[in-house]
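Peer 1: Once you've looked at the hints, dock chain B against the given chain A.
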Amino acid sequence: MTTNNIFTDPEKSRLLSIYFTAGYPTLGSTIDIAESLEKAGADFLEIGFPYSDPVADGPVIQHSSEEALKNGMTLEILFTQLRELRQRVSIPIFLMGYFNPVLQFGVEKFCIACKEVGVNGVIIPDLPMYEYEELYRDVFESNGISNIFLITPQTSEERIRKIDQLSTSFIYVLSSNATTGKQLEVNNSASDYFTRLASMKLKNPLVIGFGISNADTFRKATDHAKGAIVGTAFVRLLAEENYAEKIPAFIKALK
Amino acid sequence: MSKYHVNEKGYYGPFGGAYVPEMLYPNVEELQQKYLAIMEEDSFKAEFNELLRDYVGRPSPLYYAKRLSEKYKTNVFLKREDLNHTGAHKINNTIGQILLAERLGKKRIIAETGAGQHGVATATVCALKGLECVVYMGEIDIQRQAPNVARMKMMGATVVAAQSGSKTLKDATNEALRDWINNPVDTHYIIGSVVGPHPYPDLVARFQSIISEETRKQLNEKTGKELPDYVLACVGGGSNAAGMFYHFLDEPSVQLIAVEAAGHGVDSGESAATTALGHEGVLHGSRSILMQTPDGQVIEPYSISAGLDYPGIGPQHAWLYKSGRGTYVSITDNEAMEAGLQLTRLEGIIPAIESSHALAQLEKMAFQPEDNVVVCLSGRGDKDLDNYMKYFGF
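Note that the protein sequences, when read in sequence, are chains A and B.
Heads up: the first sequence is residues 3 to 257, going by our numbering.
Heads up: the second sequence is residues 1352 to 1745, going by our numbering.
The shape of chain A in the complex, shown without the other chains:
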């Protein structure tokens, strides 16, 4: 069992998180990929559970989701894999996906399963703050599952403060208002946005995602935040032959 304390440890900086879709490229690849990522030096993981209609995702992650579904991935199977995965991987794990599969699985059952297999938190982009607070906060909190909220350059300060109050691990900062897979440009407005966030002195650390694909964008993002998430670029690697052998070099090149 792991803890969230990498997010609060002042010694830790430039945390690298990798996103990949469970069940892609093959149904059974989830565990080996997670293990190689930890060995290669990833600090925490986001494991996507696939959905037929992923509106926040660009073509690369959409494709991985579609393939994972064809491979037969479901939440039931994923939790079985996670049980084994937790014997081999100790860095924090967050599940990321859309709300409908969770709703069908049962929100409470989902939280209990997360707790049992040692998932630290979940990122469900289409579960908004109002619905979370009204309907599901209690069941998340009573099982110790962090619900990670997203903020964008368009999110108001008032709303960011509210999200900060509700968050327990980190806040997921979108580099721009975009679907996944767009290149991050740390131009003046993005830089102003990151600076503005830093000056708000939020209680939760910030992790920047969307558009981080190489050492340059990773470094720029983590100049402003506790960590950053690489998704699309890694999922693209998984489409290559012998991807497993390439994972260490991929992570080394980022850090």
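Honestly, I wouldn't trust all of these hints.
What the hints assert, rightly or not - Partner residues are not named here, just some residues of chain A that face chain B (Cβ under 7 Å, in silico):
no.: 1; residue: THR76
no.: 2; residue: PHE101
no.: 3; residue: GLN106
no.: 4; residue: PRO127
no.: 5; residue: ASP128
no.: 6; residue: GLN156
no.: 7; residue: ASN179
no.: 8; residue: THR181
As the list claims (entries may be wrong) - Here are the computed lysine-lysine pairs in the DSS-like style, where the Cα-Cα straight-line distance is at most 25 Å:
no.: 9; chain 1: A; residue 1: LYS184; chain 2: A; residue 2: LYS222
no.: 10; chain 1: A; residue 1: LYS254; chain 2: A; residue 2: LYS14
no.: 11; chain 1: B; residue 1: LYS1518; chain 2: A; residue 2: LYS72
no.: 12; chain 1: B; residue 1: LYS1573; chain 2: B; residue 2: LYS1422
no.: 13; chain 1: B; residue 1: LYS1715; chain 2: B; residue 2: LYS1422
no.: 14; chain 1: A; residue 1: LYS184; chain 2: B; residue 2: LYS1518
no.: 15; chain 1: B; residue 1: LYS1385; chain 2: A; residue 2: LYS164
no.: 16; chain 1: B; residue 1: LYS1480; chain 2: B; residue 2: LYS1385
no.: 17; chain 1: A; residue 1: LYS184; chain 2: B; residue 2: LYS1458
no.: 18; chain 1: B; residue 1: LYS1354; chain 2: B; residue 2: LYS1385
no.: 19; chain 1: B; residue 1: LYS1360; chain 2: A; residue 2: LYS164
no.: 20; chain 1: A; residue 1: LYS205; chain 2: A; residue 2: LYS164
no.: 21; chain 1: B; residue 1: LYS1741; chain 2: B; residue 2: LYS1518
Calculated from the structure, these hints are not laboratory results.
The beta carbon of each residue, even a glycine, is placed where N, CA and C say it ideally should be.
Peer 2: Just chain B, lined up with the frame of chain A:
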């Protein structure tokens, strides 16, 4: 507002809400905060009503269908949305939303379309207002609906093929949502049905509510009674039905009959009968009833009618169904096609196959001779001639 209308949180009973990623929150919130105030402005109402009258051709007639009435031994009235400009009820909503978009200062319009009717209605109002228009349409639908693609292009719209997922309406909607995420400031998304995050189901229903508003007056003029005994309308996402039901929701004597598409039969595996086959779920930003696998993956529906093959229904319909206020039934491809031909032969009106589903339901009901029955003839059948020809071998 009654319990059948949206509450201040955007819900109809347990259904509705705004299940959108944070990237869409500012857009949706802006609409939530402004739509009612804008729709209440005198200048908005004046322009909306003028366009409905002079451009769309409203009021649409309420036609007493004499021979159809004889056949069913009752009084059948057809609300003639098929006579609207662009051939269906869809234009009521796009006129309203383009005026809303203008007042929100938006410069660019996006829309999703299945068969192309809503795409055409959106391209039409964009041409009318000189606004940029991008319509997302499933790659498969583009191939199936070439004339509507041509219409949109002729009006200056860009038609973008949705190549994700099943490449049909649901995926076109996903692509439109993705476009909106990537263009949050200058773009308004004109959703074509009473689906999507709050406030869309309510705002689209309000724009379509002209259908029942006119029906009450027209029925009173013809029969001395404002309230029919039955109103029938087809339901895909459910916008014509929402408009047809709107001003009767709080009139318990009026039976509301919503007709879904059973495709080859509810149990055939090729159907779009959402209430019969679906479960509570979240798609395209709202909580409603949804055709899905036990694992929560959305199932691609089937109907001969491209306008009815949507895997969900609007949240208000889900609530009318669950609360028992509405009766939700389904009609197969074959039943609908026969009803379409029957209307053509009895009344000289070729209905859209969508509307034929509502007409087919007449066959399954028992009426009293004095009953007044209103069927929403949501669209004309010109777009469906190919299908009718193939089906009947003309």
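Peer 1: Run every hint past the structure and note whether it holds.
Peer 2: Outcome of the hint check:
For THR76 (chain A), the interface hint holds, the least distance from its beta-carbon to any beta-carbon of chain B being 4 Å, beneath 7 Å. For the restraint placing PHE101 (chain A) at the interface with chain B, the shortest Cβ-Cβ distance is roughly 5 Å, inside the 7 Å limit, so the hint holds. Here the hint on GLN106 (chain A) is kept, as its CB sits about 3 Å from the closest CB of chain B, short of 7 Å. Interface restraint check for PRO127 (chain A): the shortest CB-CB distance to chain B comes to about 4 Å, inside 7 Å, so the restraint holds.
Satisfaction of the interface hint for ASP128 (chain A) is found here, the shortest Cβ-Cβ separation to chain B being roughly 5 Å, below the 7 Å cut-off. Given hint, GLN156 (chain A) at the interface with chain B, holds; its Cβ is 4 Å from that chain's nearest Cβ, closer than 7 Å. With a cut of 7 Å, the hint placing ASN179 (chain A) at the interface with chain B holds, because the nearest CB-to-CB distance is about 5 Å. For THR181 (chain A), the interface hint holds, since its Cβ comes within 7 Å of a Cβ in chain B; the closest pair sits about 5 Å apart.
In summary, the hint linking LYS184 (chain A) to LYS222 (chain A) is supported, as the alpha carbons are separated by about 16 Å, within the 25 Å threshold. Between LYS254 (chain A) and LYS14 (chain A), the direct Cα distance comes to roughly 17 Å. Compliance with the 25 Å bound is thereby established for this hinted pair. For the suggested pair LYS1518 (chain B) and LYS72 (chain A), the alpha carbons sit about 16 Å apart, so the restraint of at most 25 Å is met. Between LYS1573 (chain B) and LYS1422 (chain B) the alpha-carbon distance is near 20 Å, which keeps this suggested pair within the 25 Å criterion.
For a cut-off of 25 Å, the pair hint linking LYS1715 (chain B) to LYS1422 (chain B) stands: about 13 Å separates their Cα positions. A distance of roughly 22 Å separates the Cα atoms of LYS184 (chain A) and LYS1518 (chain B); the hinted pair therefore holds under the 25 Å criterion. A distance of roughly 23 Å separates the Cα atoms of LYS1385 (chain B) and LYS164 (chain A); the hinted pair therefore holds under the 25 Å criterion. Distance check on the hinted pair: LYS1480 (chain B) and LYS1385 (chain B) sit about 21 Å apart at the alpha-carbon level, within 25 Å; holds.
Between LYS184 (chain A) and LYS1458 (chain B) the CA atoms are separated by roughly 23 Å; this keeps the pair inside 25 Å, and the hint holds. Using a Cα cut-off of 25 Å, the hinted pair LYS1354 (chain B) and LYS1385 (chain B) holds, with the two alpha carbons roughly 22 Å apart. A threshold of 25 Å between alpha carbons decides the hint, and for LYS1360 (chain B) with LYS164 (chain A) the separation of about 18 Å falls inside it, so the pair holds. For the suggested pair LYS205 (chain A) and LYS164 (chain A), the alpha carbons sit about 11 Å apart, so the restraint of at most 25 Å is met.
Proposed proximity of LYS1741 (chain B) and LYS1518 (chain B) is supported: the alpha carbons are some 24 Å apart, at most 25 Å.
Every hint, counting from the list given before, is met by this structure.
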